[in-house]
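**Student:** Those sequence lines, one after another, are chains Y and H. When the letters of the first sequence are read in order and numbered with my numbering, they come out as residues 95 to 447. When the letters of the second sequence are read in order and numbered with my numbering, they come out as residues 11 to 316.
No false leads were mixed into what you were given.
Cross-link-like lysine-lysine pairs, in silico, DSBU-like; alpha carbons within 30 Å at most:
hint : chain 1 : residue 1 : chain 2 : residue 2
1    : H       : 30        : Y       : 369
2    : H       : 209       : Y       : 369
3    : Y       : 152       : H       : 209
4    : H       : 209       : H       : 61
5    : Y       : 380       : Y       : 295
6    : Y       : 369       : H       : 41
7    : Y       : 380       : H       : 30
8    : H       : 117       : Y       : 344
9    : H       : 59        : H       : 250
10   : H       : 30        : Y       : 168
11   : Y       : 152       : Y       : 325
12   : H       : 59        : Y       : 325
13   : H       : 111       : H       : 30
14   : Y       : 110       : Y       : 277
15   : H       : 61        : H       : 37
16   : H       : 212       : H       : 225
17   : Y       : 233       : H       : 117
18   : Y       : 325       : H       : 30
19   : Y       : 325       : H       : 212
20   : Y       : 369       : H       : 111
21   : Y       : 168       : H       : 59
22   : Y       : 168       : H       : 209
23   : H       : 225       : H       : 239
24   : H       : 251       : H       : 61
25   : H       : 30        : H       : 212
26   : H       : 244       : H       : 225
27   : H       : 37        : Y       : 168
28   : Y       : 380       : H       : 111
29   : H       : 177       : H       : 288
30   : Y       : 369       : H       : 37
31   : H       : 209       : Y       : 325
32   : Y       : 140       : Y       : 168
33   : H       : 225       : H       : 251
34   : Y       : 344       : H       : 111
35   : Y       : 161       : Y       : 119
36   : Y       : 213       : Y       : 277
37   : H       : 244       : H       : 288
38   : H       : 251       : H       : 261
The set of hints was computed from the structure by calculation and includes no laboratory data.
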Amino acid sequence: MVTKNILSKEENALNKPFDFELLEKLCLAGAVSGFEDNVLEIIVEKIKDFCDELYRDKLGNLICFKKGQNRREKPFMVCAHMDEVGFCISGINDDGTLIFSQVGMNADVLPSRRVRVGKNNLAGVISARPAHLISDASKGISIDDLCIDIGCYDKQEAANLDLIGQQAYFDSDFCFFGSDFIKSKALDDRVGCAIMCSLIKEDLLYDTYFVFTVGEELGGVGASCATNQVKPYACLILEGTTASDTPYNKGGQRVCVVGNGPVCPFMDGGTLYDKEMYTGIQNLAKDNGIDCQTKTKIAGGTDASKIQSCLSGVKVAAISLACRYIHTGASVASTLDAQKMIKLARLTVNTQW
Amino acid sequence: MYDILNRLMDTPSGSGAEEKIALFLQKEIGKYFDETYFDNAKNLVFHKKGKGENIMFCTSLDTDSVVATSVEDGSANVYITGNISAQTCSQRLITFEGGAKGLLICKADANKGASETFVELLSNQPDIAVGEKGFFDADFASLGDDIYAGFGLCAKLCILSMILSAKNIANTDKNVYFVFTVQSKLGFRSSMQAANTVKPDKAYVIGASEGQFGKILIRVLDKSFTASKVLVDKVQEVAKKCSVEYCLVAKPEQISQCSKIASANDSCLVCQIDLPAKYCDTVRECARLCDAENMANIIEQLILAD
Numbered sequence: 095m096v097t098k099n100i101l102s103k104e105e106n107a108l109n110k111p112f113d114f115e116l117l118e119k120l121c122l123a124g125a126v127s128g129f130e131d132n133v134l135e136i137i138v139e140k141i142k143d144f145c146d147e148l149y150r151d152k153l154g155n156l157i158c159f160k161k162g163q164n165r166r167e168k169p170f171m172v173c174a175h176m177d178e179v180g181f182c183i184s185g186i187n188d189d190g191t192l193i194f195s196q197v198g199m200n201a202d203v204l205p206s207r208r209v210r211v212g213k214n215n216l217a218g219v220i221s222a223r224p225a226h227l228i229s230d231a232s233k234g235i236s237i238d239d240l241c242i243d244i245g246c247y248d249k250q251e252a253a254n255l256d257l258i259g260q261q262a263y264f265d266s267d268f269c270f271f272g273s274d275f276i277k278s279k280a281l282d283d284r285v286g287c288a289i290m291c292s293l294i295k296e297d298l299l300y301d302t303y304f305v306f307t308v309g310e311e312l313g314g315v316g317a318s319c320a321t322n323q324v325k326p327y328a329c330l331i332l333e334g335t336t337a338s339d340t341p342y343n344k345g346g347q348r349v350c351v352v353g354n355g356p357v358c359p360f361m362d363g364g365t366l367y368d369k370e371m372y373t374g375i376q377n378l379a380k381d382n383g384i385d386c387q388t389k390t391k392i393a394g395g396t397d398a399s400k401i402q403s404c405l406s407g408v409k410v411a412a413i414s415l416a417c418r419y420i421h422t423g424a425s426v427a428s429t430l431d432a433q434k435m436i437k438l439a440r441l442t443v444n445t446q447w
Numbered sequence: 011m012y013d014i015l016n017r018l019m020d021t022p023s024g025s026g027a028e029e030k031i032a033l034f035l036q037k038e039i040g041k042y043f044d045e046t047y048f049d050n051a052k053n054l055v056f057h058k059k060g061k062g063e064n065i066m067f068c069t070s071l072d073t074d075s076v077v078a079t080s081v082e083d084g085s086a087n088v089y090i091t092g093n094i095s096a097q098t099c100s101q102r103l104i105t106f107e108g109g110a111k112g113l114l115i116c117k118a119d120a121n122k123g124a125s126e127t128f129v130e131l132l133s134n135q136p137d138i139a140v141g142e143k144g145f146f147d148a149d150f151a152s153l154g155d156d157i158y159a160g161f162g163l164c165a166k167l168c169i170l171s172m173i174l175s176a177k178n179i180a181n182t183d184k185n186v187y188f189v190f191t192v193q194s195k196l197g198f199r200s201s202m203q204a205a206n207t208v209k210p211d212k213a214y215v216i217g218a219s220e221g222q223f224g225k226i227l228i229r230v231l232d233k234s235f236t237a238s239k240v241l242v243d244k245v246q247e248v249a250k251k252c253s254v255e256y257c258l259v260a261k262p263e264q265i266s267q268c269s270k271i272a273s274a275n276d277s278c279l280v281c282q283i284d285l286p287a288k289y290c291d292t293v294r295e296c297a298r299l300c301d302a303e304n305m306a307n308i309i310e311q312l313i314l315a316d
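Excised from the complex, chain Y in its bound form (with noise of 0.2 Å):
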């Protein structure tokens, strides 16, 4: 591994802000896996004079090839996802209400969410079964006992806004609160994207590959097919991850900590992360004063559990936002962590791996 501080050559470039403004514009875009062109749309706005490649591909991944100062010895990319958990309208009650099927979520959070749905983004409100009328209310919600209440007084009404096989994504605002938090839905993963688009724009040490996914809540069918393009040595993922740091949790149970710096995980429930990245990584950190922390119990997964299966293997690393109520509408992480992360990952796009 040769790591150069970019800092020898540009006094700030390490320490260039992370683009809140980006960030919001991409969280507040609807974009359920399947639906990822709102989203989509912003990114290639933003990046589309600064690539030396860009194109979509056949399932709709985004990839971008950024020429560096030098070449590679070996193909690096770096990915993000573009989609987020929502819902996918699959029917129309009697009474006007939708009946949907939910992406990469429990069911728990949803009733009386506010929900945008379909291409003109019609308001929604989840509705849920009353407990008292929930047969086994221990049990738990069922996505049997919700649908989205649009406003439609009969079935006719609702079938005629043509809605079936559209998305459905949580309304929620982007807001800055307490003291360094941001709330808002889909920081997992449009915090990735959004570190990606600035990466693209800065000169960059090596050439790299940028690649925004599709489908990785529907569990990483775009990332291989991307991988299987691009054909890299080693990747990096950024996401978000699971913050549980409540009062409920101590210790190992709390996964990672809000505030505690970006999350390099060692594995999590679908991969084994590269060894000598994981390391290098936590190096990074070290040497540039980064806090930087790693996950205390082997949970979720990323896009790197498919695109380490691809081809004769891909050495694979993550560097997280860990995000508090993740899948939910209303994520919460730390403007601190935001600002470490894309300062981390700078570093590490900076690397020869």
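Start from chain Y and add chain H according to the hints.
**Tutor:** Chain H in isolation, oriented as in the chain Y frame:
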């Protein structure tokens, strides 16, 4: 043969920490092949260059192990890699990569339907880093009548079969790959990469499963895979020639490397041959040494007869 097995049993090889056993193999059989390398997934590949189709023999390097996920107050919370049940290995001795030792404890919480698994460290142990791997004590013992017991014995006997056969194919002119895959206990995560590296025309997976000692098992199907009939016929033919008893088995409840290898970019014929064993995926797997020798003969004859 016993000496090699003994040394294999003494070499820990938890998922993601296969370096030591890979080094052992390089020293032991590297000289019988034309090239040795690691692919990007860290699978260890031995290649004997020759004529004809690419024939791959493949087995796993790793055994069940634990990974420290957090360390607090004299104990380390751990995640168990592999199929071994936490309850069955409770109170076993664990040694971490850095030398720290402790007892694995699994506390089931019936109310929550969950369990807590941690290593209670012995006194005055070195520090453990989060992410550090821990290995079970091999507890290798002879039970008499050529039967042995120990932790990870099945994986080590499969490796032994490959070692023994490697020594006897030095003069073949066939194009043969011996591949030792990593992270199999984490869902055979590197098997497809191995097949993408080697691009075999025929792949034989060497494994172990529950069966009667003395009878090699030819797996015709498992949960996600049906074996190539051509290869199954070939193995039967060779087993007869070697006078090795065998039986065809279906393991619909199990998964194997086969489906991953068959899903690689270039399709190939795949079949799995299993050593018979008892108490698989427990802390004390039992198997016979002579079955590994039989397996080695079959591997050797499959190469020569191809």
